[in-house]
Amino acid sequence: MKNSCIAALLLLSANCFSQSSFGRIMDRIHFGVKAGANYSDFTNANFNTEGLVGFHAGAIVGFKISDSFSVEEEVLYSQQGATLKGGLLDGEDIKLSYVTVPIVVKYKTSFGLYLEAGPQVGILVDEDFKALGINSDTDFAEKIDGGIVGGFGYQFENGLGIGARYYISFTDVTKARNAGVNTDFQNNMAQASIFYIF
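So the sequence shown is residues -18 to -1, 1 to 180, counted in mature numbering (1 follows the signal peptide of the UniProt record, and there is no 0).
There may be inaccurate statements among the hints.
Unchecked claim - Heads up, simulated SDA-like pairs for lysine to any residue below, C-alpha to C-alpha not over 25 angstroms straight-line:
(1) K125 x D166
(2) K77 x A146
(3) K125 x I179
(4) K46 x G135
(5) K67 x G135
(6) K125 x K90
(7) K77 x F51
(8) K77 x A19
(9) K90 x I179
(10) K90 x I130
(11) K77 x F45
(12) K77 x A172
(13) K77 x V131
(14) K46 x I85
It is worth saying that the hints were derived from the structure and are not from the lab.
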């Protein structure tokens, strides 16, 4: 009987401890939503382009490490690309749509200002370059895009926030290899966002 009581007490203590630990972990996790505008272009191309305006929207999940530091992962639908300048294709848009997954370390001050940086991976979900007969049935762009992001912003006490971010890709945009044309060019993008943390 005595052993049974001890075993029951141990099980109860372990259960309370595990629930307490789980509760502390869940208190550090937060979720949110985010949306905003993109201004994207290509770098290292030997043809002229100008920036293309698009948008991004998606979800946020984060883990609070301390009062100042957290890690956040986002899953965003993001419209990117560029507009060609000069020649027969002047004014034609190269539109690339990605599902992007940035994972950033965020440093937040006590008054709401924050800085962030980290890697980002993008998965191509659609492409549109009608001037060359390229659409979602024709492969122009690489399926995976990867690089780094960095930014800053401000979060109010009610969870609402604004932010700005810049993305630099380390991977080539296109799988096309044409003589006389440098196709080893990369995405770069500026973003302005509004978000809400629940």
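Is the Cα-Cα distance between K90 and I179 25 angstroms or less?
Holds, at roughly 14 angstroms.
Given pair status - V131, K77, alpha carbons within 25 angstroms
This hinted pair holds, its Cα atoms lying about 21 angstroms apart.
Is the straight-line distance between the alpha-carbon of K77 and that of F51 25 angstroms or less?
Roughly 36 angstroms separates the two Cα atoms, so the pair is violated.
With a cut-off of 25 angstroms on the C-alpha distance, tell me whether K125 and I179 pass.
Cα-Cα ~31 angstroms, so violated.
Taking only the CA atoms, is the gap from K125 to K90 under or equal to 25 angstroms?
violated (34 angstroms)
Pair hint outcome, K90 versus I130 [Cα-Cα no greater than 25 angstroms]:
holds (19 angstroms)
Hinted pair, alpha-carbon criterion (25 angstroms max): K77, A146. Please report holds or violated.
holds (22 angstroms)
With the threshold set at 25 angstroms, check whether the alpha-carbon distance from K77 to F45 stays at or below it.
Distance ~34 angstroms between K77 and F45 Cα, so the pair is violated.
Run the distance test for K46 versus G135: straight-line Cα separation, threshold 25 angstroms.
Distance of about 17 angstroms is within 25 angstroms: holds.
Is K77 close enough to A172, meaning Cα to Cα at most 25 angstroms?
Satisfied, since the Cα-Cα distance of roughly 16 angstroms is no more than 25 angstroms.
Measure nothing beyond the straight line between the CA atoms of K77 and A19; if it is 25 angstroms or shorter, mark the hint as holding.
holds (15 angstroms)
Holds or violated: K67 with G135, Cα cutoff 25 angstroms?
Not satisfied, since the Cα-Cα distance of roughly 33 angstroms exceeds 25 angstroms.
The structure is inconsistent with the numbered hints 3, 5, 6, 7 and 11, although it conforms to all the rest.
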